Amino acid sequence: MNAIIDYFQSIKIQGMGWLLLVCLYLFANQPIIIIVYLYLAAVMILRTWLAQFPYVAKIGLTVAYSLLMVIQIIFVSAVVFPLRGMSPMYFVTKLVGVVAVVLPLWVERFVTTNNQTVFYLPTVEEAATVSFDELRQSADTLSNLMSGVAEVKDKVSVAHVKTIIDDLPRHSSVRYINHGTLTPAYFEAVEATLNDEKLYLAVSNTGSAASEMISVFTRKQFNHVSLAFDRDLATIISYNGGDNVYPPGMNAETLEFFHQKTGASILVYSLPVTVAQKTFIRNKIAEINRDGSAYNMIGLVSKHSAKPNIMFCSQFVYQMLKLADIAYFDMKPGEVRPTDFIEQDYYKKLTFEYELKF
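Letter by letter, the sequence shown follows residues 1 to 358 of full-length UniProt numbering.
These are calculated hints, taken from the structure and not from any lab test. All values reported here derive from a predicted model rather than from experimental measurement. A hint or two may mislead.
Said to hold, decoys possible - Dumping the calculated EDC-like pairs for lysine to aspartate or glutamate here, alpha-carbon to alpha-carbon at most 16 angstroms:
id, residue 1, residue 2
1, Lys307, Asp291
2, Lys220, Glu335
3, Lys284, Glu191
4, Lys198, Glu353
5, Lys303, Glu335
What the hints assert, rightly or not - Pairwise CB distance ranges (calculated):
id, residue 1, residue 2, range
6, Met86, Pro31, 15 to 21 angstroms
7, Asn29, Ala189, 26 to 32 angstroms
8, Gly85, Ala185, 51 to 57 angstroms
9, His304, Asp230, 29 to 35 angstroms
10, Lys162, Asp232, 33 to 39 angstroms
11, Gln52, Arg175, 26 to 32 angstroms
12, Asp325, Gln52, 21 to 27 angstroms
13, Pro169, Trp49, 54 to 60 angstroms
14, Asp243, Asn283, 22 to 28 angstroms
15, Gly85, Gly263, 31 to 37 angstroms
16, Glu197, Arg47, 25 to 31 angstroms
17, Arg175, Asn283, 21 to 27 angstroms
18, Val245, Val43, 41 to 47 angstroms
Glycine included, each C-beta is placed from N, C-alpha and C at the ideal position.
Based on the sequences and whatever the hints tell you, model everything.
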């Protein structure tokens, strides 16, 4: 699995690019894949002629990109799609065809050497040395890539993608759509915990479609974090999709929310706080509940929020800790991942309380 991520990162495929590759594999037909090949070849050729390459290098790279594009088109036309509905090998060959989308990026990385803003072709000796090493590494990478395909396919299944796409109309990343979902009973329960000078962080592996998809990119088992005022998690809260009951945004959570697959689990930690700090967070949550909130779907990629109360789970928890002056590590809120609350605890501020397994 890690080999898949590391390979794409080595050629600068990040964020939305990953999602596009996954969508190509799951949904793209022959014309769409060919259009992608044509588009990327055109972009790389234009990039080559705008860069400060020697003239000979520009000609060589243009020919290389053009030949590669022709080979890609022939492969999907003569090998991949004729197998559709005829053989299970269609799925393997289509994976190769989708991975081939990024080959023009790899060609530039492999053929050229970057010396600040001036690019030059390596010597024959350098090329021979590099090519042997690259080929050996590529063989190992390909082996690891294929071994991780099954795991990725399970996480990025058609069912998961369909669930996420069907849920998108409920979301907004530019306006507040969740108002007043926290009831007076919730705040009464919080009030009863204020003398317990601890806050509780719950880092979880829920098994939801979104969590499974996110895990492909984060390479982490735990991809959700929540905040609670009591050890038993009766007051647990976070930013989530509302579980098709409430609008996406800041919502109270129940244990049923975390049990969406066999093997789901929650790690519960406590953080020492004062009554004043705990009260401050209670009041801030009440303010968000009154003013409105929304789940920051776009922020998962862009790392930014259009409005203050549009957040995702780890962004929300970190923001609460920071505003209450109890954040124990320093990061931009939009860049915090759920596991950072554990991994960035260099000063051992957290105390492990217990683990729940389903």
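Evaluation of the provided hints:
Our distance criterion of 16 angstroms between C-alpha atoms is met by Lys307 and Asp291, whose separation comes to about 11 angstroms. Between the alpha carbons of Lys220 and Glu335 the distance comes to roughly 15 angstroms, so the proposed pair stays at or under 16 angstroms and holds. At most 16 angstroms may separate the alpha-carbon atoms for a hinted pair to count; Lys284 and Glu191 meet this at roughly 14 angstroms. Note on Lys198 and Glu353: the hinted pairing holds, with a Cα-Cα distance of about 11 angstroms set against a maximum of 16 angstroms.
Note on Lys303 and Glu335: the hinted pairing holds, with a Cα-Cα distance of about 6 angstroms set against a maximum of 16 angstroms. Remark: the range hint 15 to 21 angstroms for Met86 to Pro31 is upheld by a beta-carbon distance near 19 angstroms. Under the hint 26 to 32 angstroms, the C-beta atoms of Asn29 and Ala189, about 52 angstroms apart, miss the expected range. The given range of 51 to 57 angstroms is respected by Gly85 and Ala185, whose C-beta atoms sit roughly 55 angstroms from each other.
Taking the beta carbon of each, His304 and Asp230 are about 33 angstroms apart, inside 29 to 35 angstroms as hinted. Separation of Lys162 from Asp232 is about 35 angstroms and conforms to the stated range, judged on CB atoms against 33 to 39 angstroms. The hint said 26 to 32 angstroms for the Cβ distance between Gln52 and Arg175, and at roughly 45 angstroms that hint is violated. For Asp325 paired with Gln52, a C-beta distance near 50 angstroms fails the hint of 21 to 27 angstroms.
Look at Pro169 against Trp49: about 42 angstroms separates their beta carbons, and that is not inside 54 to 60 angstroms. Between Asp243 and Asn283 the CB atoms are about 26 angstroms apart, so this pair conforms to the stated range of 22 to 28 angstroms. As the Cβ distance of Gly85 to Gly263 is approximately 34 angstroms, the hint placing it in 31 to 37 angstroms holds. Against the hinted window of 25 to 31 angstroms, the Cβ-Cβ separation of Glu197 and Arg47 comes to about 57 angstroms, which falls outside the hint.
Our hint of 21 to 27 angstroms for Arg175 and Asn283 holds, since their Cβ atoms are close to 24 angstroms apart. For Val245 paired with Val43, a C-beta distance near 44 angstroms keeps the hint of 41 to 47 angstroms intact.
The structure is inconsistent with the numbered hints 7, 11, 12, 13, 16, although it conforms to all the rest.
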